[in-house]
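A.B. asks: Okay, here's what each chain looks like letter by letter:
4 protein chains.
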Amino acid sequence: MNKLSFASDYSSGCHPLVLRRLTETNLCRSAGYGTDGFSEAAREKIRQCCLAPEADVFFLAGGTQSNAAVIGCMLKPWQGVISAETGHVCGHEAGAIEAGGHKVLPLPHREGRLAAEDVRRLLEQFRADEAREHLVEPGMVYLSQPTEYGTLYSLRELTEISGVCHAAGIPLYVDGARLAYALGCPENDVRLSDLARLCDAFYIGGTKCGALFGEAVVFPRHDTVPHFFTMIKQRGALLAKGFVAGLQFDALFTDGLYEQIGRHGVAAAERIRTGLSACGYPLFIEAPTNQVFPVLTPAQAQALRQEIDMTFWEKLDEGRCVMRLAADWATRDEDVDLLLDVFRRCADQG
Amino acid sequence: MNKLSFASDYSSGCHPLVLRRLTETNLCRSAGYGTDGFSEAAREKIRQCCLAPEADVFFLAGGTQSNAAVIGCMLKPWQGVISAETGHVCGHEAGAIEAGGHKVLPLPHREGRLAAEDVRRLLEQFRADEAREHLVEPGMVYLSQPTEYGTLYSLRELTEISGVCHAAGIPLYVDGARLAYALGCPENDVRLSDLARLCDAFYIGGTKCGALFGEAVVFPRHDTVPHFFTMIKQRGALLAKGFVAGLQFDALFTDGLYEQIGRHGVAAAERIRTGLSACGYPLFIEAPTNQVFPVLTPAQAQALRQEIDMTFWEKLDEGRCVMRLAADWATRDEDVDLLLDVFRRCADQG
Amino acid sequence: MNKLSFASDYSSGCHPLVLRRLTETNLCRSAGYGTDGFSEAAREKIRQCCLAPEADVFFLAGGTQSNAAVIGCMLKPWQGVISAETGHVCGHEAGAIEAGGHKVLPLPHREGRLAAEDVRRLLEQFRADEAREHLVEPGMVYLSQPTEYGTLYSLRELTEISGVCHAAGIPLYVDGARLAYALGCPENDVRLSDLARLCDAFYIGGTKCGALFGEAVVFPRHDTVPHFFTMIKQRGALLAKGFVAGLQFDALFTDGLYEQIGRHGVAAAERIRTGLSACGYPLFIEAPTNQVFPVLTPAQAQALRQEIDMTFWEKLDEGRCVMRLAADWATRDEDVDLLLDVFRRCADQG
Amino acid sequence: MNKLSFASDYSSGCHPLVLRRLTETNLCRSAGYGTDGFSEAAREKIRQCCLAPEADVFFLAGGTQSNAAVIGCMLKPWQGVISAETGHVCGHEAGAIEAGGHKVLPLPHREGRLAAEDVRRLLEQFRADEAREHLVEPGMVYLSQPTEYGTLYSLRELTEISGVCHAAGIPLYVDGARLAYALGCPENDVRLSDLARLCDAFYIGGTKCGALFGEAVVFPRHDTVPHFFTMIKQRGALLAKGFVAGLQFDALFTDGLYEQIGRHGVAAAERIRTGLSACGYPLFIEAPTNQVFPVLTPAQAQALRQEIDMTFWEKLDEGRCVMRLAADWATRDEDVDLLLDVFRRCADQG
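Order-wise, the sequence lines are chains H, A, Z and F.
If you read the first sequence in this note's numbering, its first letter stands for residue 263, the second for the next number, and so on.
If you read the second sequence in this note's numbering, its first letter stands for residue 263, the second for the next number, and so on.
If you read the third sequence in this note's numbering, its first letter stands for residue 263, the second for the next number, and so on.
If you read the fourth sequence in this note's numbering, its first letter stands for residue 263, the second for the next number, and so on.
It should be emphasised that the hints constitute simulated quantities derived from the structure, not laboratory data.
All of these numbers come straight from a predicted model, not from anything done at the bench.
You may find that some hints are simply not true.
Identical copies look the same in the list; a pair holds intra-copy or inter-copy alike.
Capping the alpha-carbon separation at 30 Å, the derived lysine-lysine pairs in DSSO-like fashion look like this [to be verified]:
(1) Lys265 to Lys577
(2) Lys577 to Lys307
(3) Lys338 to Lys577
(4) Lys307 to Lys265
(5) Lys265 to Lys338
Please construct the entire structure, taking both the sequences and the accompanying hints into account.
C.D. replies: Right, here's the structure in full:
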């Protein structure tokens, strides 16, 4: 018997409408390296959603690659990138930023979020340090929307951080691996056009949001990074069949599919949150997007993992632990029902 | 009117049987990062074709990425990689090897091939140099099968090079971006099991041989490169949905599809070669695989490029130039007919 | 009028006996790159002091260079180096470790020291993490003796950390930029032979301990790092006139000069500590070596900096700050007297 | 009995006037990292000799380090450096440029020199290549004065190369490891002020020209490389006791000592060249500076190496070889006499 699959939001192929687009065009002949018409059409749709007609858009294969390429190209050699200590680039990318020569400068997180105030203080400390020429200069800010804990930056928070960055003359970069689940979240007030206005670079996640693979790196202002095409070639991130990524984003940005995918995943996660709370499971964090973080006793964890694929998140005291459940565009109502049944059955275990 | 598309072998989506496999499994739930059952099935089929039951197999997104990862992980920090001066890593990967910290040590090519004798001499010179501790040590050999000129190493040639490498204690790595068109070529006598026996690493190209994307990196001996999983994560080359690549290789290695794709592309190229020779076009090189390199006068080049998408290769004297035509699994007989018609029409120009 | 110079321990040329050695040998002709007889004699003396007859010893120009070379060569590409958050490699080397591709994994400090228990816990957490293949593996431990705060590891503490490292199979590296001031300190119970026994690499500081420049990197076990000669050449750290560094270490390790230098600097610092305490200055940290860290009020700081060159260390609350005074082999008694006079005069301010 | 020492120009300590300067100032207290007054005085003297009042000048420890720092900081990440295939950075620095992430783009040499015409052609080819975004862009030119073969660029040649570079918008960098022996050579017509006018960066060699160690990197135009101070710190090339290097250059640029050193070495080499020719030894190359390259038969080589330390340069046919003899500021007339005696004695050996 298969377990119920809630371990991640990258467990299925692609949204059926994306697959249909790939199928229809499969035998078309296209130019290589993203210079084809499908990719250009996708770029144009993204520019329109972002209200950023001059934006440069590149399609890369994955998130770690996108982060490493953007950060590596935007930092000067004497600079490092500020990130929440829980940021993906800080801990979960096997040292990709450092392998590219740059330090990650960690700041404490607030439910996964950076605080503008903390960024401002770090920048001031650097500038006031008499030995600053011996230090790594904070050269850009990285954050994730939604964060690694599924929380969201409000428009006000993002505006503040953007203000701190730009007052200091350093760029702001947003990792949107799960951006659909922010855009599709009722609590969210940050639209794509806000990202394009407030950030210097961001990526729109495809892999976790309905595509087979692919992330759309967006530089809202043209030529923000010179020779980015060559730089991604050098990093092995330039897809020969760029049109395969372009086609998928073309489908995702047709008739609002990207946000619809987000709404579906968030609604499924919301049903899970409500159901778990109803049978008494504490949640580690109150996050409104597609991830759920129940706190489990050892006995619960053991019993539940027999039937449910989920991700171990962290240890708490007394043997308790946090698990992560993820919903996505492919999560079916009946599987949520089954999931909640299992949780209900195990609720009394001590 | 669209031009006839012969510019590359990465212009269409994927072979219909690959697409069918993706479609059938699209809503299955799989584990991430290549730890799923589909990928394992594909690995097992590749191991069997290679007669290498212990082989480690990893699915990466593209060729430059595969080359950079394998070479970067197999070289020691004080070493460089030997390549024909025409090798892809030498000139056409935007400095990816050097960006990883290593020198490419170029040797003259023989129709795109390295000669064992040249490799042996370079290794001897290094060892005899009294200043060798100030030099880059030749630490591995890179070659392509087929080569960038479409030529093939014979089993004898490959055995000789392998012998030189292993006598010197350095690994041999083969770039098989177009390997299907070697395996499907009547002149070829190097099978997958020979590669597995003679090389320390090689990759089986998917992107140019029937897949949407993806290359299968094979280390015939287990644990040749420690922590390769983490290393490709660090390089941004670990696919979250590894199963999408695994599924494609599963299809390519079912019922001989990979070789069948190769035979189709080679046969189409052979028709083109015969047709061009018949109407008097010289070929720059006599290569037996899926690429054709006609020599054109300026007038011919101009006329032909109106109707045919092809790749500029290099300049010769008197304004003449070499063009590259590529056939692949998707090349249709009727398009070859049309192509030859155009060439015939332009034969008398210039 | 010149200020009193207590800002650093690298403000004078070299100890007169070192200068005499350089002068006597100035017109001798020697082989390059450290292959000369003077360097070999110095190596032999160091091996004897370390009771490490097989040790490899290399003379490099400076501390950041030595740290970057040793750490870069001892870590595998997927690893990072554990350091106290106050470690020199963590903050004050302009990102040299990261520029070499590796993450610094910071741990909290205890008066500048790492605790064995903290190292053990970090290693255990890594091993227990289900996602560890996506993380940077802790691959070695870096510590300084004396620390950046002038404190010392006891033999017991160093033995514990060494035990944790070796149980985990990772090397221990000690930065001895100021090692003379540990060896010359009455409280110290860690001799050179203990370092050689407990560590896998360390360096004996010359620049701050009597030489014009130069650090002696010691690998107690032969061939710990293969091709280290070539690696330091590649890093620009191989001195053409290696004999100039060798000669200096030859002098420093003749007739106990190195420890004598340390004793002198520590005694001067001790007089300063006693004098400052006597007139009521709190010390930020009770460190027994050649550095003194008084806590000053804003008015004191302003007045003292008019007459004394010292280094700003950090801010405390209410405008108070920590300053750093350093003594060394060249510190004269009469300058300490003058220094204490000034401090006495300013004691009542603020 | 010691052999006669002609193997290199970095075999003695420092010129007596340099040593005197170090001795006189040995107990002075100076600020660290090159911010001291001695270094500033040296910089000012260099600026005056260069007629470059705005020049930035940095003192580094050695040549490979200087090359790697300057080239690494002046190239963009997608660029490589053009060098003669005989250039020091191309072959004899253990891959330092590549370790910094950049390709060395070799061109054929003309007695060690680059030809402006070859540089121009390479730049044109790059620009004309339709695939140039997949290639390494030629981003600067490196050359040595004198070259690795002891030859010199004339002012006309250097002006031409500078013109080609600046027309293409890329910088020109000159490695002056042995610059004194160019400036002190009767045939030379390139002065320091010409280098400052025609180049974007160069270094004035100290290690081989009278100093214990040290090279003066000169950027004739202020702020050519932003944050170069931090960049050399990051590379481990920032000397804590920068004043030790500064003092030496202060002495070298007082009363024309630097050129005087050069004249001495060149005159000694000229005597050797004349003497060798007189007894029938062919010279491999007619170079006018401080290096001499006799061609020897196997018997001659064997006999001479018993009594003379010299450097093996390369093999010729029939067992003949090229050796390198170097003279420098410390070469004594009587040693040249002895050298010529030995050569005379061995001249008849077959």
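A.B. asks: State for each hint whether it applies.
C.D. replies: Taking the hints in turn, this is what the structure says about them:
no.	hint	result
1	Lys265 to Lys577	within (23 Å within a copy, 56 Å between copies)
2	Lys577 to Lys307	neither (43 Å within a copy, 40 Å between copies)
3	Lys338 to Lys577	between (38 Å within a copy, 29 Å between copies)
4	Lys307 to Lys265	between (39 Å within a copy, 26 Å between copies)
5	Lys265 to Lys338	neither (47 Å within a copy, 37 Å between copies)
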